[in-house]
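A.B. asks: As a plain string of letters, each chain reads:
2 protein chains.
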Amino acid sequence: MKTDIFCTSPVLDYLRDLHREFASVTEGKVATYIPELAKADPNWFGICLVTANGTVYEVGDSRQPFTIQSISKPFVYGLALEDNGRPSVLAKVGMEPTGDAFNSISLEPGTGRPRNPMINAGAIATTALIAGKSPATRLRRLLEMFALYAGRELTLDDAVYRSESETGHRNRAIGYMLRNFDILSEDPGPTVELYFQQCSVSVTCHDLGVMAATLANRGINPLTGKQAIRAEYVESVLSVMGSCGMYDYAGEWIYTIGMPAKSGVAGGVIAVLPGQLGIGVFSPPLDSRGNSVRGIRVCDALSRHCDLHLLNRPRTGKGAIRFKFTAAEINSSRVRTPQEAQALHQFGSSIVVYQLQGNLDFATAEAVVHDITHATASVRHLILDLKKVLTVNESASRLLYQLLLKMADAGRPVLFTHVDHLPLLRRYMKAKLGARFSELFRSLDDNDLALEWCENRLLEATLPAREPDRAVQPTDYELLQNFTPAEVEILTSLLKRRVYQQTEAIIESGDDAREMFFLARGNASVFVTLASGTRRRLATFSPGMVFGEMAVIDRSPRSARIVADTAVECDTLNVEDIERLGKSHPEIRIKFLENLTVSLCRRLRKANRELSLHD
Amino acid sequence: MKTDIFCTSPVLDYLRDLHREFASVTEGKVATYIPELAKADPNWFGICLVTANGTVYEVGDSRQPFTIQSISKPFVYGLALEDNGRPSVLAKVGMEPTGDAFNSISLEPGTGRPRNPMINAGAIATTALIAGKSPATRLRRLLEMFALYAGRELTLDDAVYRSESETGHRNRAIGYMLRNFDILSEDPGPTVELYFQQCSVSVTCHDLGVMAATLANRGINPLTGKQAIRAEYVESVLSVMGSCGMYDYAGEWIYTIGMPAKSGVAGGVIAVLPGQLGIGVFSPPLDSRGNSVRGIRVCDALSRHCDLHLLNRPRTGKGAIRFKFTAAEINSSRVRTPQEAQALHQFGSSIVVYQLQGNLDFATAEAVVHDITHATASVRHLILDLKKVLTVNESASRLLYQLLLKMADAGRPVLFTHVDHLPLLRRYMKAKLGARFSELFRSLDDNDLALEWCENRLLEATLPAREPDRAVQPTDYELLQNFTPAEVEILTSLLKRRVYQQTEAIIESGDDAREMFFLARGNASVFVTLASGTRRRLATFSPGMVFGEMAVIDRSPRSARIVADTAVECDTLNVEDIERLGKSHPEIRIKFLENLTVSLCRRLRKANRELSLHD
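Line by line, the protein sequences give chains A and B. Numbered according to the working numbering, the first sequence spans residues 1312 to 1926. Numbered according to the working numbering, the second sequence spans residues 1312 to 1926.
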């Protein structure tokens, strides 16, 4: 949904400027080695930039079809890795740059292994590795692979294919040379034909952008969400593009443009900035090395203007630490007595919550672990909130595991919250912790519960123990503090006892607010249901506390549901009785209201203090 | 300051395991081409990993001195770039990988230009580019450069230097060949000597780790904070390391290990993961290609275990958006009347605040701009909070500039907060906006002021205009609502009028709380001074509102300073008078307390609502 003023994005504006600037470049010559390619209009010119998040920016002739040619090579290399595994592929094709032209044969002395999969010899050896019993099934497999990358069905340009096949003598020679060295184990004919077919796949500049973005996004097509290649092979595909993708221009390309790239003789170029974006450019006129003139200019300008050089990256810093606080600053929604609140304020700094964010890899996790072990002097309870973490890789999992183990050995619990979207972390912990997994890997749904658990442990250690199912008397109610026994008695005469079973609702959201509740025994919690459907705890009360008073004060309907966490006994005070009290015993009503303002004030100060930490 | 349980970091534990594992490797042979190198103990073995944040992890013989040898080449290449600029350097040395061994001569046909600066011929041509009139000043310049990278003075190992010089016939031959092609313009003798000297600089594994981390940190030594090389040249240094750093092993190195790297014949290896970390390894036994056997094994293991491959990166996503909210959810600390609060709740979603974080580059800024222009339907006021942003590069500045311009053209202001630590952004805006800079680039100290400015504009557009210097009567005081005229009169008789000049303190932090204040005319603001020394506004009050009541309620000293923003008139109500009122007119005291509980309740609900957004 675009708004009126944003009919064009700033990124699109920029690409239009680039397109206009380089459209006037007239250098280069359209490939003529087959008649079909010679038909290309030298003015065709498209640019497409696709982010790893799946936003597409395209300008010019971005939907003009042309043949993929050599840009197919890295994708087929990825398919060969998927179909055979890395060792089998490396036995047939190397990965050293040659510094030679695209059609050099460059076989390794001795083994006959082509130097790398980006030269024709290596590409043909790679094509031979596509799985499938017949030429037809292998072609189908090839097209299915391309469809996953492009997010749509791709077809062959038959005219180009026939033309390639009729004139492809040099590639047939390469095929036989490979057969001679047993790099191809069968008649090279069908493999060379399949190679001509892969080069004749018809794509658009838009397709190239999406295909490049799929490589930038660890093999997941960012538009369809489908996996085109396993993540572990993406780095291999990008490595050969980076070191050998632009033939004898590879070193200069990495030096000046700094992105793995591949060009095709029909005028296409792709470039990939891992984790960030993919670029497709199409313009048929080629330079003497066989690379698209405008394609190179556009990639060069984009790299310089947008600082896309792979090796020019700012440091991550402690960017993974979104927010950090202790229980001396922010507490769980368990409502505490003034004495408990004081103990938490005093000792709560030993309970530390780290809210992490982004991608946790070695460097970001190291910064987190370093901060935990150094910046914070005495973490006795550690809560790691992973809600905003996008991914956790294995090396980050290992660092967190080692941290957990060290903490556990010192009797200091680590609690993880919001880990359900990160199954790798749980699997890693399970594999490493074995029998101790359920004891040591504490995973909770939210910080609030985790914080309460830690607070309770801290309070148990610092305050005298309480009876577990303690009931209190009206003299203990927080709002009746400083009352004389006579005053307590008068107020008590207005109270009505109510009893609730565990899980029973005491207040329903939307109800009229007719009374406030004094909790005599058990615990009760306030819950709201968020727009997302998740239930969220706002507060938990213990005996002696008042609840349900706010709606009574501002005469609004109940805003939340209050539920008995345990068997609960309450004393309720009715609105009319409160008002009558003002008439009959104004001094009691005044004292009661004063206590209420003190209670509200304390909670407001706490909320404001916590809010100020978020700025 | 380490704590008891963290005498070792998990990262250090891991490096110790690696060291133990590879210490048992006995393959390889210590270099023997000069007697001095042959004296090295093959058991020497050190590993040092330094993060771009400056955390050092080192194990084994990490402080054993050895000579830097070819690892000097990329650093000297950086120095040549600094001293001559890129075009002059490129005229003398190329950047294409050769696939040949380190001592290959590999001059480009025609120009005689060495293929790249990592082979000896290219390195000698590079050394010739170090600025300085005499050999001594050039050596001094070289050592100063190394000192910046290592963070300490480095010296020559004279024995190794003499030995190199006595046996360096091949390098002298290379020197004369370069002279022959006019790559060297003078007698090659002194340059070749300086080359022997640069190879004889004595370093430790710890030094290598720090030097590598300096390259990972865009040229800033992360331990000293000093700049060793300009950021723009770091990508060039890393590019030649990446494409040519490991000689004929370069393609495989990038394929399997995936970090720019350089090895030396004395057994050192460095590897760099830009933005993240640097690695130094030292172990003298070499493989047949002249690379340290254990050095390669350690880098390979680190890369695999810690997922350090440069081309294997997760997507950034919308990681730059830390928090986003509208003025319908969270408001400035300007205290609003119920009517104003209602208007903000209803229309405030057109005021949107983006709290950004981390490094803003093209990809992260694109995601932000895309979110602003698409996800949020109708942003009429945009606040960009850059407090947690670490860096903004030029391409991100351009996107923000273009966004600002589009918004401005539609009459929609963009406000930036916390931009002082990002001078590049301001400079960029100034250069691009020219005469419109002061009008369009609104930069405020904090979100609160920015939010209030936007809220005020919104309220002006939606509510009837108020008199600018309006004074209110006691009947308008929020706490006297629902009072009868007679009740107002009784209460008013207790009030004492006070007058303050603009900027005068009404309440000082720490004072006893003897009275509450009713604001009759003007504005007053509450300020606290944070531990950091910055003054922070907590609230601003308008006529009719009460302030200073919380300390009166909970009988605590004043917690903040309250200052007259304008000329101010207040009515004060004294504690003793309030108490006396309870005796003489309990019904008025009750009404007053009831109004106070309603006011506190409203503020507590607002604070809780805002707090819940931060989870």
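It should be emphasised that the hints constitute simulated quantities derived from the structure, not laboratory data. Owing to the predicted nature of the structure, the values given are computational and were not obtained by experimental measurement. You may find that some hints are simply not true.
Treat identical chains as interchangeable: a pair holds within one or across any two.
With a straight-line cut-off of 27 Å between C-alpha atoms, the simulated DSSO-like cross-links for lysine-lysine are [stated by the list, open to error]:
hint : residue 1 : residue 2
1    : Lys1444   : Lys1340
2    : Lys1699   : Lys1537
3    : Lys1894   : Lys1444
4    : Lys1807   : Lys1894
5    : Lys1629   : Lys1717
6    : Lys1350   : Lys1340
7    : Lys1629   : Lys1537
8    : Lys1350   : Lys1629
A.B. asks: Check each numbered hint from earlier against the structure, then list the numbers of those it violates in ascending order.
C.D. replies: The structure breaks hints 1, 3, 8; every other hint is satisfied.
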